[in-house]
Structures are given as structure tokens and as C-alpha cells.
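Chains A and B, in that order, give the protein sequences. Residues 18 to 131 in our numbering are what the first sequence lists, from first letter to last. Residues 29 to 139 in our numbering are what the second sequence lists, from first letter to last.
Keep in mind that the hints are not guaranteed to be accurate.
Unchecked claim - Selected chain A positions facing chain B (in silico; Cβ < 7 Å):
hint	residue
1	L56
2	F62
3	G73
4	A104
5	P124
6	G125
Think of the hints as simulated: they come from the structure by calculation, not from any bench. Every residue gets a Cβ at the ideal spot worked out from N, C-alpha and C, and that includes glycine.
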Amino acid sequence: DAGVTQSPTHLIKTRGQHVTLRCSPISGHKSVSWYQQVLGQGPQFIFQYYEKEERGRGNFPDRFSARQFPNYSSELNVNALLLGDSALYLCASSRDRDRVREQYFGPGTRLTVT
Amino acid sequence: DAKTTQPNSMESNEEEPVHLPCNHSTISGTDYIHWYRQLPSQGPEYVIHGLTSNVNNRMASLAIAEDRKSSTLILHRATLRDAAVYYCILSSGAGSYQLTFGKGTKLSVIP
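Modelling step: build the complete structure from the supplied sequences, incorporating the hints.
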């Protein structure tokens, strides 16, 4: 089975621009979560989506938004990019919302803001 | 969220057992203990999880203290491929299923 896929793998944007990152979960997984990982730190939770609805949100500004599509794929959007948004953005999928269920992470999208 | 404390780094010789400690003194009775690891240039990978009893799977063993205030991830025979950052995480409460990562323990494996 294919794992979690993310696109693009790398991206360079300028301050003030907007970016859209995409994630396809493992087949049969209905929950998608997004994480931001700054260099040298552990991943930080941004959003969880389950059955196309937002089920959890981390401590991130409103410039960050996301959505989940009927096929359970997801997009993360970031507006008005700041230098501090440079990070590895990780998508994770799980079969459902059960907090015991393991999450499967994609390889991430490396975003550089200049 | 309940917090975990892990050593910043550890070293192990190849083919020897590794014991990675984690302290979580403020754990609640319903918090599960999860371990993930992140190999260089990859996303995190699930390793194991448990609630009260010790757990074993093909990757590792999880030993949980009787008072649940600490746990230990055991790799029975370290290989070079086990060199990674290991994160000990407590599940958050009811509602969304978010993983709250700390800085983890960077494990180096010496050939």
C-alpha cells in the first residue's frame, strides 16, 4: 500500500506570498493532521481534520487554514508568509479519530520563505 | 497537556540493547504513552504505545512504571538504522487526536 504522500517536496516563497501544500492519506484513512517542524524542534500540531470537518486546532495564527476533501485528501494554506514560516510541514493520517490509533506521517514539504 | 522529559542524546553500540527513558510525572489516568521516532530527512514513524501494562511489538518493547510516572523504550538489539530522534508523547484528552512532541532523544549508534 502507498504511504502518505505530500506535494510538493520543496518550495521557495517570498515574504507576503501565499502557499498551498497538499496531502494524500493512506487509502482507507479518514483522519488527516498537519504539523509544522522547525529545524531542531519536534513537530508542532496545526490542525486535525476528520470526515471533512476540523476537529482540532493548534496554537497557530489565522493565516493558517486547511480543508479536507471528499476523498479525504487535504490542503494546508498559509497566507501572508513570514520568514518564521520556514519549516518542514508534515501530514499524518490515521484510520479514525481514536487517540490510541497510530498516525502515519508523510515525508513532508520543506518550505523556505525568503 | 501533560509533559514528558527525555535526555537530549544517548549513544549505543551496535547490536547492544538500548534503554530510552521518559519521565511523565503529571500523566493522567487516561493518558496513553506513545513513542515515535524520526530518522534523518523523514517524517516521524510510529514505534509503540501503551497504557499500563508493558507492551512488545516487532520493533521494540515498552516498559511502564507501576505508578506510570515514567516509561522506558527498549530496543533489544540496536542497528545503525535505529539512529534517530525518539519522541515520548502522551495522548491528549478527548476530542482531537493531536500528538504533542517535545525535543526527543537523539540516539546515535556506534558501529
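Against the structure, the hints:
no. : hint : result
1   : L56  : violated (12 Å)
2   : F62  : holds (4 Å)
3   : G73  : holds (2 Å)
4   : A104 : violated (13 Å)
5   : P124 : holds (5 Å)
6   : G125 : holds (5 Å)
Hints 1, 4 from the list above are not met by this structure, while the remaining hints are.
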